[in-house]
Amino acid sequence: MVKCPICEKFVKETKINSHLDSDCQSFVDVDSGQTTDGSSQGAQTTLPVSSFFQNSVRKAAPLPISKIDGLATSPTPTQSLKRKRSFADHGGPQQDLGRPRNAKPDFLEDGGCTTKRNRTSNALKNAAPLAERMRPQTLDDVCGQELVGPSGVLRGLIEQDRVPSMILWGGAGTGKTTIARVIAKMVGSRFVEINSTNSGIAEWKKLFAEAKNELSLSGKKTILFCDEIHRFSKSQQDVFLGPVESGQITFIGATTENPSSRIQNALLSRCRTFTLAKLTVENIVSILNRALEVEGSNYSPSPLVDDELIKYLAAFADGDARTSLNLLELTMDLSRREGMTKEDLKKSLTKTLVYDRVGDQHYDTISAFHKSIRGNDPDAALYYLARMIQSGEDPLYIARRLIVVASEDIGLADNTMLTLATSAYTAVEKIGMPEARINLAQATVALALSKKSTRAYRGLGNALAVLEEPGMAGLPIPIHLRNAPTKLMKEMGYGKEYKYNPNYVDGKVAQVYLPEKLLGKKFLEDHDLGLQVDTDLSDSFEY
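With my numbering, you'll find the sequence shown wraps up at 543, consecutive numbering, no jumps.
To be clear, the hints were calculated from the coordinates, so they are not data collected in a lab.
No more than 16 Å apart at the CA atoms, straight line, and that leaves these computed lysine to aspartate or glutamate pairs for EDC-like:
| no. | residue 1 | residue 2 |
| --- | --- | --- |
| 1 | 517 | 468 |
| 2 | 9 | 21 |
| 3 | 205 | 193 |
| 4 | 311 | 329 |
With beta-carbon atoms standing in for the labels, derived distance ranges:
| no. | residue 1 | residue 2 | range |
| --- | --- | --- | --- |
| 5 | 504 | 455 | 25 to 31 Å |
| 6 | 15 | 266 | 57 to 63 Å |
| 7 | 514 | 485 | 22 to 28 Å |
| 8 | 133 | 533 | 54 to 60 Å |
| 9 | 520 | 500 | 23 to 29 Å |
| 10 | 363 | 280 | 23 to 29 Å |
| 11 | 514 | 196 | 50 to 56 Å |
| 12 | 162 | 394 | 43 to 49 Å |
| 13 | 520 | 272 | 50 to 56 Å |
| 14 | 462 | 231 | 39 to 45 Å |
Here a beta-carbon is modelled for each residue, glycine too, at the ideal position from N, C-alpha and C.
Throw the hints in and build the complete structure from the sequences for me.
Here it is in structure tokens:
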């Protein structure tokens, strides 16, 4: 017999675990319980309790006194053990079903734990920016994205619990992270969020193993959300291929860059790509008005924050909901200052231009700049030049593009433009910003106003196209044009019949220069520009 450390009744040693599992109600030895104290002690001496149970009933130091909301006492270890098995306190044997033995209580008698938890939660919520506090919690709250609207494709997949691995492609503040979190909440999946800066391949492989175990044991799927997936290297992206293909995880990647150019084809082929639309001014106004309704009482904004200012903020945010909410939060704080006017508010609001020097905006802007010069539109060219300068683009990068424009688009129409462009590059290199912007502007306008000729550019393209044909790239060079630096080559006739043009009148000689199979082939066209006619061009169109 052994003595139960909970109820202090005697139980057969082989039945002690079952006795504990029954909350001390079964397998009690009645005869041993009715013996005298002496016999009980004798039995305890004869059959010593195992070391496991001796450790359990050993007297321990008192627990530290709790200071939570007036709770000034803490139960002793023995009282705690008895309380854990108490039927009177928990209303019968069914009360604790489903709770792990080591689970922490949800509450204490005076609400101490609940009060502390609520206080901590409220403090964290209040410390979060307005944009985070206003993050949508359901698909119905997501504004401006038809994909998750009532008849949206993505919403239908979510409601059918058929969420595929996907890439969410959209600008900043369009709802990529929000949609990923809402998806996880709706389908009841485990949600894990990672990025390339705070974790590595080793941690991700551990997550894959955990996701596989979770799926096999409980059937619960894991959604792995990778923010800014375009920043992941090729080797990092390759790690996701196996788990995505096998279904261990549901992969959701978010990117502001074109997936076809920034994400590995192998990963892209295993995911569906959903494009999120840029939010309109009306969408942003709706988001800001909702924020005023929900959070306005916490800020008590002045009458300066009216409909006109809200529309101004919405236009200023340029389709970025996060930026608009940050601006609104700043506006509500500033509006309470004495003497603040609406004009002062507008001047105080600043926003970093949406421009990534290695992303799509970088290439899109320089492309628009180049094409505006090609299209003889100096106003558009100056606009894109100003955007790049204001956003911190490398001025030498712009100057290099001007040199390319001078040869590619102006070309033979005005050979001096190449000299102007290279001079502009030298000026930018020697002077530096901010004065170098003037040199860039001069070259930009001069190139935009110049006549255009692509004869040389198109001629090179025609020659390159011939080299793509079978056997054309290795045609033998005519022997009279070959170099003859050695005696052997001269004896073989290299350069023997070559006619040196400057020795002849007007430099004219009867001599062929192309390989025999290309004789008569013409690469350089006679016209400066193409021969197509734009049917959209009319007399009323301002060119």
